[in-house]
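Peer 1: Protein chains in written order, with this note's numbering: chain A, 94 to 650; chain B, 589 to 698; chain C, 2 to 263; chain D, 18 to 344.
The set of hints was computed from the structure by calculation and includes no laboratory data. These figures come from a predicted structure and were not determined experimentally. Any given hint could be a false lead.
[As the list claims (entries may be wrong)] Listed next, the in silico DMTMM-like pairs over lysine to aspartate or glutamate satisfying Cα-Cα at most 20 Å (straight line):
#1 C/Lys178 with C/Glu69
#2 C/Lys178 with D/Glu286
#3 A/Lys440 with D/Glu84
#4 D/Lys294 with C/Glu69
#5 D/Lys244 with D/Glu313
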Amino acid sequence: MNNTPPTPSYEPPRDHYLISAGGHIRSWLLTTDHKRIALLYLISVTVFFFIGGVFATMIRIHLLTPDGVLVTPETYNKLFTMHGVAMIFFFLIPSIPAVLGNFLIPMMIGAKDLAFPKINLLSWYIYLIGGSFVLYSFSTGGLDTGWTFYTPLSSIYSNSAVTPAVLGIFINGFSSILTGLNFIVTIHTMRAPGMTWFRLPLFVWSHYATSLVMILGTPVVAITLLLAGLERMFHLGFFNPAMGGDPILFQHLFWFYSHPAVYIMVLPAMGVVSEIIPTFARKPIFGYSFIAASSIAIAVIGFLVWAHHMFVTGESTYAALTFSFLSYLVAIPSAVKVFNWTATLYKGSISWDAPMLYALGFIGLFTIGGLTGLFLACLGLDIHIHDTYFVIAHFHYIMVGGAVMGYVGGLHYWWPKITGRLYPEALSHFAAIVLFLGFNLTFFPQFILGYLGMPRRYHSYPPEFQVLNVLSTAGASILALGYLLPMAYLSWSMRYGKVAGPNPWPATGLEWKTDSPPPTENFHVTPVVDWEPYDYRNRPDLGLAAGAPLAPAHSDD
Amino acid sequence: MPEHSEHVVSPKIYLSIFLALILGTGLTTWAAFRNFGPFNIVIALAIATAKATLVVLFFMHARYGERRTRLVIVCALFWLAIMLALTLSDYQTRQPRMSRLLSRAAHYAA
Amino acid sequence: MRRGVLFNATFSEAKQEQGVHRTGELYGQFQTLDQQKESATFGMWIFLVTEVLFFGGMFLTYTINRHEYFTAFGIGSNTLDITLGTVNTIVLIMSSFTMAMAVWSAETGKKKLVPLFLILTLGLGCVFLGIKFVEYKQKFEHHLIPGRNFAITYRSSHPAPGDDPKEIALEKEEVEKAFASDPDANSHAQLYFSLYFAMTGLHALHMIVGAGLIVWLIKASLRGRFTPQYNTPVEIVGLYWHFVDIVWIYLFPLLYLIDRHR
Amino acid sequence: MQSPLPIYPEQASNFAPHVDALLIFITGICLLFGAIITTAIVFCFFKYHRKEAGAVGIVTYEDPLVEVAWIVAPLILAMVMFAWGAIVYVDYRNAPRDTLDIYVVGKQWMWKAQQPNGLKEINELHVPVGRDIRLILASEDVIHDFFVPAFRVKMDVVPGHYNTMWFRPTKPGRYHFFCSQYCGTNHAVMGGWVTVMEPTDYAAWLSGVSGGEANPVAAGEKLFAEKSCVTCHLANGTGRAPSLNGLYGGQVLLADGSTVTADDAYIRESILQANAKIVARYQPLMPNYQGQLTEEQIFALIAYIKSLQSQPVPATGSGIAPVSEKK
Ligand code: HEA
Ligand code: HEA
Ligand code: CUA
Ligand SMILES: [Cu+2]
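Chain A with its partners taken away, still in its complex shape (with noise of 0.2 Å):
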C-alpha cells in the first residue's frame, strides 16, 4: 500500500561506524564517533523513559479511585516528583538533540564529526554521573518537592532527598550546555563547501535555536538549583522568607530557563518533522525561510514570557501584563511552521509511511497543546486553570503528543541510516494509530477537569472527578502498548529487518547520500552541496520522476 520505489536488494555495506572500530564493550564507552555517542545517549535516555513511565503508569493507577488505589501520599507526590524530573530533565530534553541531533547534524552539514567530539562524550558521561545522582535520590527516600523545587518547600522543609537530586540536575545542566556549544561551534564552522546558511536543512535550523536556548537558559537553572542545594545544606537564606530571602525569586530564576526549554524539547521535534514532511510529501518545503526564522523566533521570544507560571503568585500586575503580552507573541512562529507545514501537504504526493503519521499526529496534537497554551497566557482565564489538569493536559499534549510523537517519528525515519535495516511496515502503522487514539483518550479528559477545578499533584480527590479520572488511566494503558509495540519492533528489527539502502525514501538530505550505516568518517569523500534543499526536481539520482514544472506562485521569483 504504500508507493515507494521498488527497493533493488541491497547489501549492507562492508564496512561501518558500528563495526569499524570493533564491538568492544571498551569501543564503544571511549568512542568519539558521534553516531556511536548518540546510540549511547539513545539507550539511557529510553531507560529514563522507562523509569519515568513506570512512575507516570503508577500514577494513573493510583488515580482510579477518588481516594487512591495504590499508594500513601508521600509516595504519591514522590511518583509525580520523579516522574517529571526523569521524562524532563533526563528524557525529553536531550532525548532528540542528544541522540538524533548528535547522529544527524554533522551529516547532515557534510562534516566527519562534531567540532569537539570529545567534549561530545564528555557530555553524556556528565549525564550519566547527574543521572546516577538523580537516581540516587529516587532510590534512597525519593524526592517530593515537584519537578519545579519551589522554595521554601523544597530546600527547607522536605524531608526526601533533594540534594542529590539537585546536584544531580545541576550536574546533568553541564551535559546540556556542552552539548548546545557544540551543536552551534559545528554547525558555525564545520560545513561542507556548497552548504550555506539558507541550504541548511531545517533540522540543523531548528537545533542552532535549540542550542542557543541551551547555551543561554542551563547555566541559569544550574546556579539556581545549586543555591537552592545550598540553602538546603548550610542553613543559608537566599529564597527563604524566614531569613529575608524570597521564594518569588526563585521561581523567576527557575522559570528563566524552565520557561525557554520548554523549546529546548519542542524545537528539535520541530526540526523533525520539518524534514518528514517534505519527503513525503516529495515536494520542497513551503516556506523554508519562513520556518527557519520562526525558529530563531522562538528561542529569541521564548526568553521573554516565562513570568506567565507566575499569574498568581503575586507578582505585580504590570510584570503579569507584559508576559501575558509576550507570550500572545510566542506563540505567533508556532502558528507560522503550523501553517507552512499544512501548506506544503498541498499538491505534494504523499505516501502514507510511518514516519509521515507520526509527523501529522505531530501537527494535530502539537496544535492542540499549542492552542491551551493561549488560554493559559490569557490572565483573566488563567486566574482559574492555573495549577489544575489543564495544565497538565496542555503540556503532555505538546510534550507527549508533540515532542515524543516527532522523536519516534524521527527515529522510524532515520532508523534505516542509523542501523542500515527497515523496520516493520504494518506493524509500524499499527503503533501509530495506538498512540494517537491511546494519547487522546488519556489526556483529553484532563482538560475538562481542570476547568473544572482539579488541581494538579493531587493524590485525592472529590468523587465527582472520578469518570473522567476513569477515562484517562484507561487511555494511559493503550497509551502504554502505543510505547511498548515500537521499542519491541525497533529492536527487532536491527537484526531481521530488510536491509534498507543509503536511500530508501528517497530523501534529498545530505545524510542520505552515504552508506546506511554510515562508515565511521561519514562520507567516503567531502560532499559538495550544490542544490537547494528539499528540491526533487532534477534529481535523477533519486530515482525519481522529473518532477513537474514549477508552480505559478514561483515563477516571477
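Add chains B, C and D with the ligands to chain A, keeping to what the hints say.
Peer 2: Coordinates of chains B, C and D with the ligands only, in the frame set by chain A:
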C-alpha cells in the same frame, strides 16, 4: 581591520591597559569612601564596566577579532539584560508595597 | 532575490583565502587547521557566554537582596578587609596582564618567554587564592560563616587582643545603628555573607580550574610547543582567565564597597 | 443540578461569567483554527495520496503575502485574547473599596480563617452573598494557594508576603475550595468548603456561633493595653506617639518627606519593625515587636486599629498627613 584573529597586540598597549585597570581600581576604591548618595553604586558599576570593557577589547582581543565574536558578546549581554530587566520590572512595580521585611513574623507565628 | 549568491561563501571556501600558515596536529574531524583554530576559539567564547549567565543568576539574587536590605549589606560589607580586597584586585589584574603577555609571546614566537609569563600568571593566581583563604579564615574566626553560629555582632563584642579598639568601637556603633532600623539585621547580614561566599567561592573555583589549565600549558610550553603557527591553547585559556578577572572586577565593588563612606 | 459530566463548574461569583465567557471565546477561535488545519491535513492526506511509486509533488513556493496573512491574522486574534484577559485580571487584582475583609492563614496542611468579628474557622469559610469579599492571605510555612473553582479565583499564599484576592459571591450554596499550590504531603487534602449565605443568615451565623472566641477588635484592644501600646499612643494625640485614630486608609507623612497609605501591610510593618518607616515629627522610640506577636495577634491589633477609623482624629499628634502636605 582584517577579519583575522591573529592580530598581534603590542605589549605597549597591554601595559597601558594594565595601568588603566589599576587606575580604575584606585578610583573605584576612592569613590566608595565619598558620599555621592544614590550615585555611589552607579559610579562603582560604571567604573567596573569600563574596566571590563578594556579587558574584553584588548586583553581578549575582541577589538581585533571577528564580527562573530562581537556578536557572541552582544548576545551574552543582551540575555543578561533580559534576565535582570524583566525580573526587576516585577520588583519595581509590585503593588501594594510588599512587606518582605516582615518575613520573620510568619516564621515566629508557627 | 537569489539566496544562493548572498550566502554562498561558506566557511571552508572563505578560509582558503587566508594566508596564515599554521602547523600542529589536525584533528580528524576538521578539514584545515584554520578551521580547527577557529572552532576552538569560538567554542571558548560560547562557553564564556554560559558563564556570564551562570554568574548572572547570582548577580540578580544579589541585586534584589541588596536593594531590600541595604543596611545589613552595608555592615556586612564593612567587615570585609578592604586592604586585602584591593590588593587582591590588583594581583588579579596583574595576572591578567601577564596572561596577555604569555599569549603575545606565543604569537610572536618568543619561546622562552611563554613559560615565564605563564608561571608568573600562575603565581599571581595562587597569591590571590592565598589571600582569599586568609580572608575566609578571618570570617570563620569572626563567626561570619552563615549558619547557626553566625553573629554579625561577634567581632565588636569579642575583640581579639590585636584589634584596633577604635575600629571595634566604630563597628559596634555601626552594627547597633543597623539593628535599630532593621531588627533582623543579623539574618540579613547572613544573607549578605551567603552571597559573599557563594560568589567568591564560585569565583575561586573558577580560578582553581584556570590554574590547573595553566599548569598544563606550562608543561607544554616548556617543551616549546607554542609557536606563532600554533598557540590556540594559550589563547583560549587566556580568554578564560581574563573572563574570571572580569567577574572579579564586578565582585570587588559589589561586595567590598557597599556603604563605605560613613 | 449539574449533569453527570459537566464542562464547567457552577458559576457562583462575579468573576465566573467573565472567565467562562473568555473560555468560550478562546475555545471558539481555537476550534476554528483547529478545524481549518485538521481539514486541510485530512483533505491533502487522501487527495494527494501518492499513486505511483516515482511520483513527485508539484512545487509550490512560499508567497510572502500568504505568509504575512497568516502571521497577522492570528496576531490580531491573539491581541484580542490578551486584552480581554487583561481586563478581567486587572479587575481581579484591584479590589474595590469597602470590602469585607477576612484574614486567611495557610499552614501545612490546614486553612485558618478569621471573620471581621474575630470568629475563627478552620477549613471553612462563611461569606455573605452579594458583598465584595477580600481575603488577606498569609502563610506560616511554605507556599499554598487558595482556590475556589466555583468563583474562578485563586491566589498563592506566599510566606513573607501579604497577597490579597477578592470576589463577590453571587449564589448561596456550599462550594469546594482547594489548596492549589503543591505544599507537601497532604497538599491534596488541604481544602474545605466555602459557604455562601444570605446576608441575614450570615449575620445570624456570625453572632450565633461566635461563642468562645473574642471579637478581634476586643482582642486587639486588650492586646493594645497588654503590650503597653496605650502608654505611648494616646487617643488625643498628646502622647509620645501619634494617635492612631483615623489612621487606617489615610496618608501618613514620613520623616523622609514621603507619604504612605496606611494599609494592612504598613500597619503590620509599623508594629513589627517600627523603625523601618518613621512618622514625621516623631522620634524612633517605638520598640520592634518582631517575634513577640503571632500572626493572629497582629491581625487582632490591626483590626482594632481599623476600628479606630471612625474615631475623631485629634488636630495635632496624629500620624495622618494633612491634606495640604499630600502629594
Ligand atoms: C514542550 C513543551 C511546551 C511548549 C512548546 C509550550 C508552549 C506554550 N505554552 Fe506551555 N507549559 C509547558 C510546556 C510547554 N508549553 C509545561 C511543562 C508547563 C507546566 C509547567 C509546570 O507548572 O509544571 C506549561 C505551562 C504553561 C503556562 C502556565 C500555566 C500555569 O501554570 O498557570 C502557560 C501560560 O501562559 C503556557 C503557555 C504556553 C504558550 C502560549 C505556548 C506557545 O508556545 C504555544 C504556541 C503554539 C500554538 C499557538 C499552536 C499553533 C498555532 C496555530 C494553530 C495558529 C493559531 C494561533 C493563534 C490564534 C495565536 N504554558
Ligand atoms: C517528557 C515529559 C513527560 C512525558 C513523556 C510524560 C508522560 C506521561 N505522563 Fe506526565 N508529567 C510530566 C512530564 C511528562 N509526562 C511532568 C513534567 C509532570 C509534572 C510533574 C510535577 O507536577 O512535578 C507530569 C505529571 C503527570 C501527571 C499529573 C500528576 C499530578 O499532578 O498529580 C499525570 C497524571 O496523569 C501524568 C501522566 C503521564 C502519562 C500517563 C504519560 C504517558 O505518556 C507515559 C507512557 C509511557 C509509558 C507508560 C512507558 C512505556 C511503557 C511501559 C514502561 C510499560 C511497562 C510499565 C509497566 C507495566 C508499569 N503526568
Ligand atoms: Cu497547601 Cu497545597
Ligand atoms: Cu511557559
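Peer 1: Tell me the numbers of any earlier hints that the structure contravenes, in ascending order.
Peer 2: none
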